[in-house]
Amino acid sequence: MGWLDRVDDQVDALTHARALQEASRSAEAYVLLERVIRTTNDPAARADAMVQRLSALINLGRTAEFTRAIEEASAAVRDLAEPYLHGHLNALAALAAHHQGALDRCVMHLVRAARALGAVADPDRDTAWGWHDLAMAYSYLSFHGYALGAIERARQLGLTAGIPEETFAAPGIRLRNAVALDHNGDSDGCLRVLRDVAADLTRFVRAGRAGQLRPSSLAAYGYAAARQAALGDQVATEGPEPARLITHGGDSARARDLRQLGQVCLAVADGRPIEAVARLDTVQVSNETLGAAEPARLRSIALTRAGDHLAAHRADRLAFRLAAQRNDRLRDVYIDGIAARIDHEEMRREAARFEGEALTDPLTGLPNRRRLERYITAVVTRGDRVVIGVCDLDGFKAVNTRHGHHSGDLVLQRIAGVINRVMRRGDFVARYGGDEFVVVLPDTGMTEAAEVARRIEAAVRLEDWESLVPGTPVGVSIGFAEVSGGSGLRDALSVAFEQADREMLRAKTRPRAS
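Per this note's numbering, the very first residue in the sequence shown carries number 357; after that it's consecutive.
Computed list of lysine to aspartate or glutamate pairs in EDC-like fashion (alpha-carbon distance at most 20 Å, straight line): (1) Lys864 - Glu819; (2) Lys864 - Glu854; (3) Lys753 - Glu813; (4) Lys864 - Glu792; (5) Lys864 - Asp748; (6) Lys864 - Glu807; (7) Lys753 - Asp857; (8) Lys864 - Glu813; (9) Lys753 - Asp820; (10) Lys753 - Glu819; (11) Lys753 - Glu792; (12) Lys753 - Asp589.
Distance windows between CB atoms, simulated: (13) Leu515 - Leu861: 50 to 56 Å; (14) Gly739 - Ser823: 44 to 50 Å; (15) Val561 - Asn397: 46 to 52 Å; (16) His372 - Gly505: 27 to 33 Å.
In case anyone wonders, no lab produced these hints; they're calculated from the structure. Please read all numbers here as calculations on a predicted model, not as lab measurements. Heads up, the beta-carbon is just placed ideally off N, CA and C, and yes, glycines get one too.
Work out the full structure, taking the sequences as your base and the hints as a guide.
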């Protein structure tokens with residue numbers, strides 16, 4: 357027995373409201389749900405309508421109404437012993453909190469949603485939609501691994517309930533993963549994900565099932581193709597054109613954002629970069645749709661195509677900074693006490709798992725940039741002497757070109773192991789992004805740092821690259837700098853990183869030992 361089988365009043369209206377929202381007609385659904393709320397005396401029907409109404413408000417982007425809608429839905433759901441309702445409400449509340457910039461509340465609702473949905477004894481199509489909305493919330497918060505797991509759960513439950521596979525295709529999840537990679541300097545990784553998204557659409561087209569895709573999914577497929585083209589990649593011609601796909605999405609606020617930014621991407625791809633820049637000057641999109649860094653990154657791509665490389669570099673640095681700021685906010689959620697806000701021990705363990713994903717590079721298993729910054733800040737704040745080193749691979753582009761990105765990933769994994777193997781006890785190694793790694797040497801001077809650099813270079817040189825990527829030798833260039841405590845902490849770190857970068861670039865020009 358599913359959830360709606362236990363509702364005694366206005367079931368047809370509630371079912372119709374669901375269908376309207378699935379078809380991206382949330383404004384119509386909202387009107388219908390308001391009527392149910394005003395006229396029903398059934399607590400279950402009222403609670404369901406209020407949860408659905410919150411979903412409609414989120415789809416419509418009516419942020420100012422989120423708080424009241426969550427409070428009213430929470431009051432209606434509180435006394436009902438139905439895990440599905442509690443789970444779906446918390447998944448939607450997580451989405452709302454994210455759009456409001458309240459990341460601590462967002463994570464709290466994520467944990468509660470996963471626990472409640474996992475406790476549903478007889479999951480049905482409504483439970484599947486609950487997992488779908490939870491996957492969306494994970495995705496917006498950049499917990500991409502959790503998002504993929506949740507959407508797979510939704511897909512499996514949906515298939516059991518007779519929902520076609522393409523309904524939960526969720527290309528927007530992988531799209532956000534792709535642009536996040538690009539914002540952090542990994543354009544190759546971005547393209548790999550975008551190509552996977554395109555292949556997914558091609559599969560549905562060939563099977564004759566593209567017409568069953570939800571309007572919001574069509575908009576995401578369109579933007580993914582437009583973004584791929586803007587990066588200069590060949591886009592598959594099979595199926596609808598990106599320009600047509602981005603017109604879908606109905607009255608969804610996120611679809612409107614994708615439409616505007618998609619037109620920018622298509623202008624770049626069509627050789628009209630100046631028009632693309634002009635469009636960016638006028639678009640107004642939510643920072644939450646694809647991240648605050650996306651307009652700046654598109655501006656950089658357009659300016660590069662226009663030949664204005666200095667302005668493109670400035671825009672690219674802005675995009676990287678905006679992405680970092682968002683990551684810093686997520687980090688601060690944990691530092692400032694997310695564990696204190698979730699009292700239950702199981703919830704605290706779940707929150708720690710989220711933090712682990714946020715602070716670890718999934719390819720190499722090394723700490724990522726966010727965890728690196730946290731570590732350096734802690735060391736310098738204590739007043740300890742510290743040297744940082746920037747390690748950049750030599751020959752990595754040739755590896756990707758000749759052997760493909762899978763081999764490139766294997767090289768990055770092996771480099772991570774090589775560097776870790778030769779470091780001293782207490783040293784810290786992180787993947788900074790792309791083919792760049794950073795080492796932190798606490799209580800160390802530049803003479804000792806030079807010895808560490810020699811050990812890393814020798815270990816990389818002696819590694820058997822020929823058996824892994826024949827004909828493409830791999831090396832490493834390293835630059836070190838000492839963090840000075842004389843100025844503000846953030847400025848000191850910035851100066852040290854710039855100096856280490858310069859030293860690394862000088863190392864690339866020096867003759868190598870044979």
